[in-house]
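One letter stands for each residue in the lines below.
Number of protein chains: 10
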Amino acid sequence: MMTKEDVTAMILSAKKQAGMTWEDIADKIGMSPVWTHSAAMGMNAFPPEKAALMVTTMGLPQEAESVLAESPTKIWEQAVPTDPCIYRFYEIVGVYGPTLKALIQEKFGDGIMSAIDFDMSVTRVENPKGDRVKVEMSGKYLGYNSW
Amino acid sequence: MMTKEDVTAMILSAKKQAGMTWEDIADKIGMSPVWTHSAAMGMNAFPPEKAALMVTTMGLPQEAESVLAESPTKIWEQAVPTDPCIYRFYEIVGVYGPTLKALIQEKFGDGIMSAIDFDMSVTRVENPKGDRVKVEMSGKYLGYNSW
Amino acid sequence: MMTKEDVTAMILSAKKQAGMTWEDIADKIGMSPVWTHSAAMGMNAFPPEKAALMVTTMGLPQEAESVLAESPTKIWEQAVPTDPCIYRFYEIVGVYGPTLKALIQEKFGDGIMSAIDFDMSVTRVENPKGDRVKVEMSGKYLGYNSW
Amino acid sequence: MMTKEDVTAMILSAKKQAGMTWEDIADKIGMSPVWTHSAAMGMNAFPPEKAALMVTTMGLPQEAESVLAESPTKIWEQAVPTDPCIYRFYEIVGVYGPTLKALIQEKFGDGIMSAIDFDMSVTRVENPKGDRVKVEMSGKYLGYNSW
Amino acid sequence: MMTKEDVTAMILSAKKQAGMTWEDIADKIGMSPVWTHSAAMGMNAFPPEKAALMVTTMGLPQEAESVLAESPTKIWEQAVPTDPCIYRFYEIVGVYGPTLKALIQEKFGDGIMSAIDFDMSVTRVENPKGDRVKVEMSGKYLGYNSW
Amino acid sequence: MMTKEDVTAMILSAKKQAGMTWEDIADKIGMSPVWTHSAAMGMNAFPPEKAALMVTTMGLPQEAESVLAESPTKIWEQAVPTDPCIYRFYEIVGVYGPTLKALIQEKFGDGIMSAIDFDMSVTRVENPKGDRVKVEMSGKYLGYNSW
Amino acid sequence: MMTKEDVTAMILSAKKQAGMTWEDIADKIGMSPVWTHSAAMGMNAFPPEKAALMVTTMGLPQEAESVLAESPTKIWEQAVPTDPCIYRFYEIVGVYGPTLKALIQEKFGDGIMSAIDFDMSVTRVENPKGDRVKVEMSGKYLGYNSW
Amino acid sequence: MMTKEDVTAMILSAKKQAGMTWEDIADKIGMSPVWTHSAAMGMNAFPPEKAALMVTTMGLPQEAESVLAESPTKIWEQAVPTDPCIYRFYEIVGVYGPTLKALIQEKFGDGIMSAIDFDMSVTRVENPKGDRVKVEMSGKYLGYNSW
Amino acid sequence: MMTKEDVTAMILSAKKQAGMTWEDIADKIGMSPVWTHSAAMGMNAFPPEKAALMVTTMGLPQEAESVLAESPTKIWEQAVPTDPCIYRFYEIVGVYGPTLKALIQEKFGDGIMSAIDFDMSVTRVENPKGDRVKVEMSGKYLGYNSW
Amino acid sequence: MMTKEDVTAMILSAKKQAGMTWEDIADKIGMSPVWTHSAAMGMNAFPPEKAALMVTTMGLPQEAESVLAESPTKIWEQAVPTDPCIYRFYEIVGVYGPTLKALIQEKFGDGIMSAIDFDMSVTRVENPKGDRVKVEMSGKYLGYNSW
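The listed protein sequences correspond, in order, to chains V, L, F, D, H, E, B, X, Z and R.
FYI, the numbering for the first sequence is 1 to 147, going by UniProt numbering.
FYI, the numbering for the second sequence is 1 to 147, going by UniProt numbering.
FYI, the numbering for the third sequence is 1 to 147, going by UniProt numbering.
FYI, the numbering for the fourth sequence is 1 to 147, going by UniProt numbering.
FYI, the numbering for the fifth sequence is 1 to 147, going by UniProt numbering.
FYI, the numbering for the sixth sequence is 1 to 147, going by UniProt numbering.
FYI, the numbering for the seventh sequence is 1 to 147, going by UniProt numbering.
FYI, the numbering for the eighth sequence is 1 to 147, going by UniProt numbering.
FYI, the numbering for the ninth sequence is 1 to 147, going by UniProt numbering.
FYI, the numbering for the tenth sequence is 1 to 147, going by UniProt numbering.
By construction, these hints were calculated from the structure, which means they are not laboratory data.
C-beta atoms are modelled at their ideal positions from N, C-alpha and C, and glycine is treated no differently.
Treat the hints with care, since some could be wrong.
One-sided excerpt, in silico: chain H residues whose CB lies under 10 Å from chain E [claimed, not checked]:
#, residue
1, T21
2, H37
3, M43
4, I75
5, W76
6, P98
7, A102
8, I104
9, D117
10, T123
11, M137
12, S138
13, L142
Take the sequences, apply the hints, and build the full model.
Structure (structure tokens):
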């Protein structure tokens, strides 16, 4: 059986050959770049029509369509990531986690920001002192139930 | 010697008595709520004039001023945070970390988003399906050196 | 400042002296036993009117009221619990976790059961071969967003 | 020798080709969906007659029958699961573990809920505010021996 | 409130002063030495009448009686014990664990030996080549449920 | 070179085909079932004449004889075992480890039970309330040296 | 697709056959030995013209050029390195980490030395009591932002 | 007995009151700032005459002299440091550890850089693009023995 | 009750005041320095007559005598020690552990060196290239039982 | 390319076929058994002439000569070894580590025993109460630098 790993490898290979960026691919299937990359890596499931579009866009074999639409099991192996680019985000959670919690409670009450009903974007912001990476996340507020 | 933990306890107590929010305190000292909370928790150093303002705003003893201005040692004890509100951000780094890395490289080249020359905000976005938490981060892009 | 730990200790002491069960306390404040115990342990926040009721029911000092209503930081120190009664639930998650995931996806699609918009009960079911513990959990289904 | 992993792969492949759900398979062999999935994943042993039924239902090779009936060694590799759907159950054990223990003791005495003489179901409960996942577990109460 | 730790300290002190062995204490309360030590350490709950006997035998304050009867939370802090005497038992589980499992399955079917409905003894066996420690455990066989 | 893993696989396959139990094999080579299983799993070395008997009993290739007689390196990968049948023994060490130590010291002095000069058996004990697993271990007492 | 691991293996093989040192290779491509080794190991990305030079210098297949220029994911598997030569550097960070932090703050203010805008060299310093290894690191100072 | 922790606290307090930098203190006792800070933190032992100088310079009680001269036990509690300033050095060891090893072997043979016969300095290097932190380490080369 | 930690602190204090070395103390009680230090640290039990000698030698209170004679629980908190002097021994076990095992098996058969019936010494060996630390360990060979 | 693992496998196979002991091999190449085994396992580098001797002695292919002479990367995967024979040495470091440190400091000053300029032997010592394993280690004393 074809696995999500197999399809990810095919996508990466096709992307390199075609010289496309993730932004290009995202545009072709009408989704955002963050979500598109994540789903292509096997960390999100493609809705059926997007799976079909992905197969045509990247020239994948037909069997890949159902694989792209399967629910993934999200596994990461490093509890503390070592890659410096990813570690910096881990560090931000370590340093500012209690702050995010305190401000969410101040603005909403006792609850959390959903990581499921969630979206995110990455943009480049020009700046004379050096361009900046801007990351925007938005998740539904979920208040704790009392019963 | 007075420690940062001592001063944090005094701030929390004064804040409760005064019925102030972090937003109120941040306004009073002319800084953002995220930074203000984080520095009050002892995770960032107050610039001298902000330390002085903090002392008057919260009615802290004079000795607190120099303590607020000291460089903190940033320690968190849970490599994987258990509080659900903080864990969701950890989970986002686990699931989307490779995506953030891929898009930063696509837009900037081989490098990272700084977690030092960095700022962040939390806002409440009204939404008929349930209000949303919006988190915006911005950090300077730092490209790897080759030498 | 009075902490959640202080109030928990007061509740346990008052409960012992009064010879009350968690079920009794829950009845008095009009909440379920699971939620009541959890909130009394400092793992959930009492809504204001329940905090007030708790103070009268257990004869706590007035200051406890606001402490009971504060948002808790949920911390557990053993990633793998050692107490046999708690470990068995950990074991169930280890053995049946992938099964719970597969069936939720089969019945709902790609998503999770919320642990925030969530409730739970524990009941005793008589059985000639030995009475049984019945645990019922219910959480809102949250489908992953694609964007 | 054919292993449980081999048979699991065959079942998943046959299930996909046949377009069956776990509920369909469970019905065919007269067992519950939770148990059927778990046993098919190699986490439980099929009683001989169920192993035989499974072989016919899924069109497996004859050798699979004895493999399905073997006692499994239950191994999970992530002490803290990363998949969000499974993590939420881990989180429930972390947050409510002491509560489950306290209420079991209140209702039964000093003991545990068995995870061996145990059953579980997952159902979808319709709800105007969003359908809910209902998980019901039942395990025999086992009281500690004193001797 | 008096805790189990407090009572354990009182028992150890009284035992030393009285020059009693665990065997002596066990005899006095009519229980086995293994169970008596374990319960005195706060790892098992005394049935009410044994708690009363323990209080008289060791000359404990009256309040200790209800503390001895409370259900303990069983916590050990070293996942791998360092004390050589305890480590050897850990090593036996590491080396012979799969063997114990295989033989239990051969003799009983798919299931486990209960660690709850369980008893254990330690005896000294004379031997010309050096006396031997004999440990006998017995636990109820619990077969896995299929449902 | 043939490894212990290779020989273990051959033994398991031959055992299945011959429909033998571990007890049968142990009888054939004149050793106990616990030791026989453990050595067959590669966790103990066969004395030369037992290795020869094992080769004839199970119909193994000649090369296996010297492999069975080699000293094994005893490795287990899970510091805390997840299989419920093995975990229960780990739990017993966690709960009763300090008790075993205290009673060994009471009966023998400051020392340990050897896990090297050691033997163990597993038997089924009939019991109207449910049959019981009986595990007996015996190891030489080793007293600490002072020098 | 050719991976960074593949290219690293080719470089090591070509280096051995040609009898070159890392210093020789670094000279040929006009970079420092530290950076050259690190990039050849797949821990840094070659700028395009250096990738081209590397391909000619080491006689690599053409496809290697684009692989050398890709952004690496920096992964190390041992949180605490075991090799004695690498461990000593880990030990230096453990022993002198707080000192490095204190002196950077004394000389610059609250901030860090960048590990991204960074360079390093290793030299041999002759010394009658035994030659010494000299390691020089230089990284841009980055001051914490307050906002 | 006065401990190294006690003396460190006295030094920090005296340093703050006197408004001295580590460089000032180092000058006064004729040692380098890196070594002085490290020894003051209790991570190195003061030679007797330096201990005496330290007592006079910082106005410490006489008993501190012998404490400063004691051999320390070097303990750090975070295997992976969380403070960003210290983490960056850990990251450098993770990324460049194998490179340091390869170049030391190329220049010296099979061996290591000593972390005991070792010295280090931190300097500020002016730079129009942003000043840089320069860290220089030097340790004696130690070649592996063969015997 | 006086604990082993209390007595260790008294010994260290008395030793400092008296200006004695471990060798001096060992001589006074007629034991080796390694054993004496270890027992004084609470890692070994003093035989009764040695406990009495220790009390007179160091001028300890009478109650210390029985405490010194108690069986210790041997606990170390760092699975991997950080102090460089202790780490080097850990490193030797990591690098040469399989070698020690292979040679013990070659010389004795399948078994181990006892760490219980064990003794050790540390001596200084003069050497023109730098004096050397000599550590000698001797433990009884224990052969694995087969049964 | 041939790796150290490949050569180790060839040596083990040749050793078995030739019926040689490590002592025999060590004699043939004029080195000690401890060092010879360790280097054959790939944990030490053969000096060129010893590598040549090893190739002739064991009948290895010519390419093995340069592989034996390469600097190894010393990796062990179990922070706490499970094999009982190796674990006992780990236990000795845990129990006696602080003692080794204290006596080295008493005899030499503040420093360590080198694990690099180091040698070790294993011998069998006859003893009527059971033969003993004698392990002798010697490493150069290295005193901490102050600067």
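Hints and how they fare:
1. T21: OK, holds: T21 of chain H within 10 Å of chain E, min 5 Å.
2. H37: holds, 5 Å
3. M43: holds, 5 Å
4. I75: holds, 9 Å
5. W76: holds, 4 Å
6. P98: holds, 6 Å
7. A102: holds, 5 Å
8. I104: Status holds, d = 6 Å.
9. D117: holds, 8 Å
10. T123: holds, 8 Å
11. M137: Hint on M137 of chain H: holds, closest Cβ of chain E at ~5 Å, below 10 Å.
12. S138: Holds. Min distance 5 Å.
13. L142: This interface hint holds because 8 Å falls under the 10 Å limit.
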